[in-house]
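**Q** Sequence:
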Amino acid sequence: MAGKVLDSWALLAFFEDEPAAAAVEEILHQASRDRYRLYLTSINWAEIYYSTMREVSQEAAEEHARVIASLPIDIVGIGDDLKLARQAAVFKARHRLSLADALAAALAKEKKADLVTGDPEFKVLETEIQITWLKPL
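Using my numbering, read the sequence shown as starting at 41 and increasing by one per residue.
These aren't lab readings, by the way, just hints derived from the structure by calculation.
These numbers come from a predicted model, not from an experiment.
There's no promise every hint is true.
[Stated by the list, open to error] Taking lysine-lysine and the DSSO-like style, the derived pairs with C-alpha atoms no more than 27 Å apart in a straight line are:
1) LYS175 x LYS163
2) LYS175 x LYS149
3) LYS152 x LYS175
4) LYS132 x LYS163
5) LYS163 x LYS149
6) LYS152 x LYS132
7) LYS151 x LYS123
8) LYS123 x LYS149
9) LYS123 x LYS175
10) LYS151 x LYS163
11) LYS151 x LYS132
12) LYS123 x LYS152
13) LYS132 x LYS175
14) LYS132 x LYS149
15) LYS163 x LYS152
16) LYS175 x LYS151
With the sequences and hints as input, model every part of the structure.
**A** If you want it as structure tokens, here you go:
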């Protein structure tokens, strides 16, 4: 089954009802119909939580955490296997990426999955990973 990795940008767009929210909702709907598997790194989960807590409230962050838990998304931790961490470190060393973005890209590469984002920071990785660029529907 094909896979897609969501980055923080994608889910924040969904939660904040930004123009790309409908596209993210369609991806979530397709995943619920077993069209593909969705992944999110635990670091991107944390980025969504702290961003929401800072900009809105801890209650809103908790609500987003509950919603994510109910969605067809596999949360992937770094764990003891350093393969994912190593690939993220390589991406971060070669490009101007945040650690969370580097981990999302590394997971996409490891899973041979598309990275779903609208964050232009990932443009530098277009030759290394597949990217599904979010646009308003």
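**Q** Hint by hint, say whether it matches the structure.
**A** Against the structure, the hints:
no., hint, verdict
1, LYS175 x LYS163, "holds (15 Å)"
2, LYS175 x LYS149, "holds (22 Å)"
3, LYS152 x LYS175, "holds (22 Å)"
4, LYS132 x LYS163, "holds (14 Å)"
5, LYS163 x LYS149, "holds (15 Å)"
6, LYS152 x LYS132, "holds (19 Å)"
7, LYS151 x LYS123, "holds (12 Å)"
8, LYS123 x LYS149, "holds (11 Å)"
9, LYS123 x LYS175, "violated (31 Å)"
10, LYS151 x LYS163, "holds (19 Å)"
11, LYS151 x LYS132, "holds (18 Å)"
12, LYS123 x LYS152, "holds (14 Å)"
13, LYS132 x LYS175, "holds (25 Å)"
14, LYS132 x LYS149, "holds (14 Å)"
15, LYS163 x LYS152, "holds (18 Å)"
16, LYS175 x LYS151, "holds (23 Å)"
Checked against the numbered hints given earlier, this structure breaks only hint 9.
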